[in-house]
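J.: Take a look at the letters that make up each chain.
Protein chains: 2
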Amino acid sequence: MTSRPNHKPKVLIIGCGFGGLEAVKALSKAPVNITLIDRTNHHLFQPLLYQVATAGLSAPAISAPIRHILRREMKRGNLTVLQAEVTAIDAADKSVVLDDGERLDYDHLIVGAGATHSYFGHDDWAPYAPGLKTLADAFDIRARVIGAFERAERCADPVERAAWMSFVVVGAGPTGVEMAGTLAEIAQHTLAQQFRRIDSKLARVVLLEGSGKVLGSFVPELSQRAREQLKRLKVDVRTGCKVTAIDETGVTYEGHEGDVQLINHLPTHTVVWAAGVAGSPLGRSLAATANAELDRAGRVVVQPDLSLLEHPEVQVIGDLAAAHSYDPDHPHAEPTPVPGVSPAAKQMGRLAAANLLRRLKHEPTEPFRYRDYGSLATIGRRAAVVDLAVPVFGAIRFSGLFAWLFWLFAHIYFLIGFRNRLVVLIDWAWAYLTFERHARVVAETPRATESASAPPLQDAPDTQPLA
Amino acid sequence: MTSRPNHKPKVLIIGCGFGGLEAVKALSKAPVNITLIDRTNHHLFQPLLYQVATAGLSAPAISAPIRHILRREMKRGNLTVLQAEVTAIDAADKSVVLDDGERLDYDHLIVGAGATHSYFGHDDWAPYAPGLKTLADAFDIRARVIGAFERAERCADPVERAAWMSFVVVGAGPTGVEMAGTLAEIAQHTLAQQFRRIDSKLARVVLLEGSGKVLGSFVPELSQRAREQLKRLKVDVRTGCKVTAIDETGVTYEGHEGDVQLINHLPTHTVVWAAGVAGSPLGRSLAATANAELDRAGRVVVQPDLSLLEHPEVQVIGDLAAAHSYDPDHPHAEPTPVPGVSPAAKQMGRLAAANLLRRLKHEPTEPFRYRDYGSLATIGRRAAVVDLAVPVFGAIRFSGLFAWLFWLFAHIYFLIGFRNRLVVLIDWAWAYLTFERHARVVAETPRATESASAPPLQDAPDTQPLA
Numbered sequence: 001m002t003s004r005p006n007h008k009p010k011v012l013i014i015g016c017g018f019g020g021l022e023a024v025k026a027l028s029k030a031p032v033n034i035t036l037i038d039r040t041n042h043h044l045f046q047p048l049l050y051q052v053a054t055a056g057l058s059a060p061a062i063s064a065p066i067r068h069i070l071r072r073e074m075k076r077g078n079l080t081v082l083q084a085e086v087t088a089i090d091a092a093d094k095s096v097v098l099d100d101g102e103r104l105d106y107d108h109l110i111v112g113a114g115a116t117h118s119y120f121g122h123d124d125w126a127p128y129a130p131g132l133k134t135l136a137d138a139f140d141i142r143a144r145v146i147g148a149f150e151r152a153e154r155c156a157d158p159v160e161r162a163a164w165m166s167f168v169v170v171g172a173g174p175t176g177v178e179m180a181g182t183l184a185e186i187a188q189h190t191l192a193q194q195f196r197r198i199d200s201k202l203a204r205v206v207l208l209e210g211s212g213k214v215l216g217s218f219v220p221e222l223s224q225r226a227r228e229q230l231k232r233l234k235v236d237v238r239t240g241c242k243v244t245a246i247d248e249t250g251v252t253y254e255g256h257e258g259d260v261q262l263i264n265h266l267p268t269h270t271v272v273w274a275a276g277v278a279g280s281p282l283g284r285s286l287a288a289t290a291n292a293e294l295d296r297a298g299r300v301v302v303q304p305d306l307s308l309l310e311h312p313e314v315q316v317i318g319d320l321a322a323a324h325s326y327d328p329d330h331p332h333a334e335p336t337p338v339p340g341v342s343p344a345a346k347q348m349g350r351l352a353a354a355n356l357l358r359r360l361k362h363e364p365t366e367p368f369r370y371r372d373y374g375s376l377a378t379i380g381r382r383a384a385v386v387d388l389a390v391p392v393f394g395a396i397r398f399s400g401l402f403a404w405l406f407w408l409f410a411h412i413y414f415l416i417g418f419r420n421r422l423v424v425l426i427d428w429a430w431a432y433l434t435f436e437r438h439a440r441v442v443a444e445t446p447r448a449t450e451s452a453s454a455p456p457l458q459d460a461p462d463t464q465p466l467a
Numbered sequence: 468m469t470s471r472p473n474h475k476p477k478v479l480i481i482g483c484g485f486g487g488l489e490a491v492k493a494l495s496k497a498p499v500n501i502t503l504i505d506r507t508n509h510h511l512f513q514p515l516l517y518q519v520a521t522a523g524l525s526a527p528a529i530s531a532p533i534r535h536i537l538r539r540e541m542k543r544g545n546l547t548v549l550q551a552e553v554t555a556i557d558a559a560d561k562s563v564v565l566d567d568g569e570r571l572d573y574d575h576l577i578v579g580a581g582a583t584h585s586y587f588g589h590d591d592w593a594p595y596a597p598g599l600k601t602l603a604d605a606f607d608i609r610a611r612v613i614g615a616f617e618r619a620e621r622c623a624d625p626v627e628r629a630a631w632m633s634f635v636v637v638g639a640g641p642t643g644v645e646m647a648g649t650l651a652e653i654a655q656h657t658l659a660q661q662f663r664r665i666d667s668k669l670a671r672v673v674l675l676e677g678s679g680k681v682l683g684s685f686v687p688e689l690s691q692r693a694r695e696q697l698k699r700l701k702v703d704v705r706t707g708c709k710v711t712a713i714d715e716t717g718v719t720y721e722g723h724e725g726d727v728q729l730i731n732h733l734p735t736h737t738v739v740w741a742a743g744v745a746g747s748p749l750g751r752s753l754a755a756t757a758n759a760e761l762d763r764a765g766r767v768v769v770q771p772d773l774s775l776l777e778h779p780e781v782q783v784i785g786d787l788a789a790a791h792s793y794d795p796d797h798p799h800a801e802p803t804p805v806p807g808v809s810p811a812a813k814q815m816g817r818l819a820a821a822n823l824l825r826r827l828k829h830e831p832t833e834p835f836r837y838r839d840y841g842s843l844a845t846i847g848r849r850a851a852v853v854d855l856a857v858p859v860f861g862a863i864r865f866s867g868l869f870a871w872l873f874w875l876f877a878h879i880y881f882l883i884g885f886r887n888r889l890v891v892l893i894d895w896a897w898a899y900l901t902f903e904r905h906a907r908v909v910a911e912t913p914r915a916t917e918s919a920s921a922p923p924l925q926d927a928p929d930t931q932p933l934a
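Each protein sequence line maps, in turn, to chains A and B. According to our numbering, the first sequence is numbered sequentially starting from 1. According to our numbering, the second sequence is numbered sequentially starting from 468.
Just chain A, same shape as in the assembly:
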């Protein structure tokens, strides 16, 4: 028996988010050698990350080691998982560069490197207003929120104490609405009577939004219901406000009162940034070496089949892709932009894998079609909005308690791994009955508040739909 050289095509997948994970699974039985690279050792269920930030869930409840999730695929022998940071893509050379200088070459590349938060050119705001994309972000926000109440309890100066008891969330997309609603619940219920010098119920939660409404991606009816539910939870919602400065003293913004334009300053030491996202810096790498076009948010403009025009062996999926949906039943309809949501990322991951296999067989690729099963957003205890797109039947829209229960079970259903689902269910049942948030512990670690840079103003396209 002589050993034969391995002629299987080398497939490199960057990022183990919703898209990358689906692509790996879809390719694991194919005659290819896959290398999956991620900066972290875990896949993160990002739709529930705000629960880690607000101490409702522990990090392991919403994340799982990549090697564990893909243990069966790894046993097939054609998958290598590397924890590494890709610092550059060299599409001309068909290779990527890792943080330690190692260069890996590929025959096919799938880039699912995701997005980071964007401060619209004001990166100096980052230390005062962390965004929520990673577990480190969530721990940082948790430490700030819990620490703010502790500082208020120790504070003798009433003005300074009021600043510690003020919380500002910038951006009223789904993440901002969830954060604001949950912060209000913590102040009103979880911490009630647990302090002696302050009354946590007097804490102020302000939700600032640039546009005229909350949850702007939803239909006006649900947007209005969300606003009412936030009000009921004692969140101070202010729309039509443009943030002009964030520093250690608080948030400054321009607003309107009738026709009068006002400049307001909210004194606070705890700001959460949920206002903008930008594509991963690897997009710029593709622009430089593959002549890829980037949109305003730094996302890579892809062909209908998710590949790059000049480099069909490169595909971009998930939040990094500026993709469109093509409806084969209506070939002359205008293609619609795909939102940056997890079901879209999963669907792109599966199509990228399928198109890659089609290319190997010299078959034509297929355009991306986003199947939108609807959107849902939670607001707080017993408050959520749901907008389902049911085939044939049409739209079903509801809000309130039933929407909240629907949201809860949908999210638990889609959580990776049985154990996590069970633990999350127990955690939530317990939290619901007792108002206690069990993960309210802060380790003595230093804060991590580094953040990436990014392009101009736009609302976060991070609606959280089904599936």
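Don't read these hints as lab results, they were simulated from the structure. For clarity, every value in this text was computed on a predicted model and none was experimentally measured. You can take every hint at face value.
Think about it this way: if two alpha-carbon atoms lie no more than 16 Å apart in a straight line, the pair counts; the simulated EDC-like pairs of lysine to aspartate or glutamate are: (1) A:Lys10 to A:Glu313; (2) B:Lys542 to A:Asp199; (3) A:Lys94 to A:Asp105; (4) A:Lys75 to B:Asp666; (5) A:Lys8 to A:Glu313; (6) A:Lys242 to A:Glu254.
Stretch-level coverage of chain B by chain A, calculated; a stretch enters the list once three of its residues show a Cβ under 8 Å from a Cβ in chain A: (7) 506-513; (8) 650-661.
Idealized CB from N, CA, C, for every residue including glycine.
Using the hints, position chain B against chain A.
T.: Just chain B now, with coordinates in the frame of chain A:
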């Protein structure tokens, strides 16, 4: 109705460990004003901290917010909880100084500030060999262990790869034995087949001990059984070894082979320090202002009733106290030193509270009597040693599977809070059935590896007994 000045005595309690928590509970119904100060916002169930470090449990499973644990006591109105670091005690002035410069005065002080790890004068070892006292320590060790396998997988150089796959635990007390046994289990089972370039089963776990045996505080029979169980788990146990250097290349130690003295170097990048503990730096503060005597490990030598000779209004409890146990049934017997274990800390906390109330009533105080219900130490999957002291009956000693089950249920029983117990039980049942360690996720935070200074060589007195 006229308001009367509050003449209740001011009781200050430093530290919400096992001792401080018991003292607060015992005083919460007494006519005193209590202020409890802790550096963190949580009480930590330290005996299970190694499970967080080895990714078996999440941090919230073994810790709970102090304000939540004491919510009923807080409602009584005489307890204030502050999250703050006490930087100095001024016993002459009857006050303490906080990190922000605030000074709090007291009528009675109970100091339960605990211990930190001691590098025997080699604080330069700290960055390479973190100890295990806080949640931050546990996250640091978890990140190092998981990161080491990830680095090995990426490493092309076989020598360097072997260093990444070598793990050294210094100190074979209960913490060191638990860490070594669990690291071996991770390499042999949890990670098996989850890598492509390395075989995790070839990882090497070395347990270095200065004395001649492991678990030196146990009877020789159980010590020997522990050594055999470690060997079965594939831990390389080396006793009679004195560590002389730890740096980025590995651990250097002096050992013996027959009569020949050898100097060995173990190439590794992952070292866990479980060899020595030292009293909190606040002990030095008491030495300076209350003329308190410190022992070799920096612990405060206390009177039989746990108070200080020149300052009876100051009591020291828990790991910071160099206390003795007095047996009232044998008044002429030599008092025995109290080990640094959680049952002793709890008992000291209760006695300090009782003696404080006796002083308020001008009654004589009582000496400390340590009730030792026995010791247990776990080694790994289905391996533990138990040494019970049963009244009248005498000692019951056993090891192996039954000891492990006994250890498991004893620890779950003593965990704070029903919810945590349930979640820990589910986590362990799941881990036992699947070999998976669910908390194997590492956030992208920077490492925190600062550590405190300390005195000369001695073994860790951190046996983990019952009760």
